[in-house]
Amino acid sequence: MVSSVVLCMLLSTLCGGDAPDLSLHFREVEAVRDSGTGKEYDQGCKAIRDALHDLPFDRFTMLSDQKLTLKAGEEKRLSLNTAYSLCLRYEGVDDSGRSRLAVTVELTESSPGRKVVETVLLLAPNKKARIGGLRKDPGELVLVFSTP
Amino acid sequence: MIKRWKLQKIAARVDGENQYSAAVTDEESRRYEQFVETLHNQVQTLPQAPTLADESMPAFLSGIQEGLEEPAFGRGRLWATASALTAALILILSLFVIFSSGPEPVRATEVESCSTELDGVTLQTFDNRDGVSTVWVTMPESDLW
Chain C
1 MVSSVVLCML LSTLCGGDAP DLSLHFREVE AVRDSGTGKE YDQGCKAIRD ALHDLPFDRF
61 TMLSDQKLTL KAGEEKRLSL NTAYSLCLRY EGVDDSGRSR LAVTVELTES SPGRKVVETV
121 LLLAPNKKAR IGGLRKDPGE LVLVFSTP
Chain A
1001 MIKRWKLQKI AARVDGENQY SAAVTDEESR RYEQFVETLH NQVQTLPQAP TLADESMPAF
1061 LSGIQEGLEE PAFGRGRLWA TASALTAALI LILSLFVIFS SGPEPVRATE VESCSTELDG
1121 VTLQTFDNRD GVSTVWVTMP ESDLW
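Chains C and A, in that order, give the protein sequences.
If you're matching positions, the first sequence starts at 1 in the numbering used here and goes up one per residue.
If you're matching positions, the second sequence starts at 1001 in the numbering used here and goes up one per residue.
By construction, these hints were calculated from the structure, which means they are not laboratory data.
Hints may contain errors.
Pulled a few chain C residues facing chain A out of the computed Cβ check, cut under 7 Å [as the list claims (entries may be wrong)]:
id: 1; residue: R33
id: 2; residue: D54
id: 3; residue: S96
id: 4; residue: R114
id: 5; residue: E118
id: 6; residue: T119
id: 7; residue: V120
id: 8; residue: L122
id: 9; residue: L123
id: 10; residue: K128
id: 11; residue: A129
id: 12; residue: I131
Beta carbons: idealized from backbone N, C-alpha and C, even for Gly.
Put together the whole structure using the sequences plus the hints.
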């Protein structure tokens, strides 16, 4: 009897419960092609050089650096600039411990609401993912996501 | 050193078997005599061993018989309970180890899916050499959307 109760408590503890909140580090970088030699990173971009150095751009400028907390199933909308908006939805943790993040980039000017890209990222702890190639004069936007 | 025959003689006199033997005179013999007397007196004070009357014998034997035939429930039940508890404990610990071993080793960040609604836009996914998963959007020069 006592064993059964203990067993039930253990199982409910181990199997139950909602996914914990996701701490997300989101950075918006402007990448520009210059004719200059070598790559230039501003102070903010130096910390994420591993996510930028292989891109065919010369100058990287941090436009936004945000630490977000997302609850499972909740949507969060961010305005990237006048051309795009970003929608983030945290969908919990998969079997291997990675956070499932649905990311949608929509147009806000030329065709409002149309999705430029809709993707699901599986974010491993201390790893990065990025979305690049979003045109923005004079260069392109690179969105970098990471979890602590 | 007292001779063996003398010890027996002293003991026999203390037991009343040889009342007419001469009293001991030397110190060593006297001490032995006192020892035997003390032993003799102590033995007299011991209680009588119980005796079983003939009329009680059948009841006594039937009690022994019942005791032999009756299984030793108390100890057996104790062992059974202890075994069951041990088995339950092992089961619980095994389940705990299985469930608490955590998820599989964390793999790299990955792009599970990606799509676009815009004509002329293409998407590529790749990882750079630092393991940064990438969705790269290639947009046409002219705004086709």
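| field | Numbered hints the structure breaks, given as an ascending list | value | Of the numbered hints given earlier, the structure breaks just one, which is hint 1.
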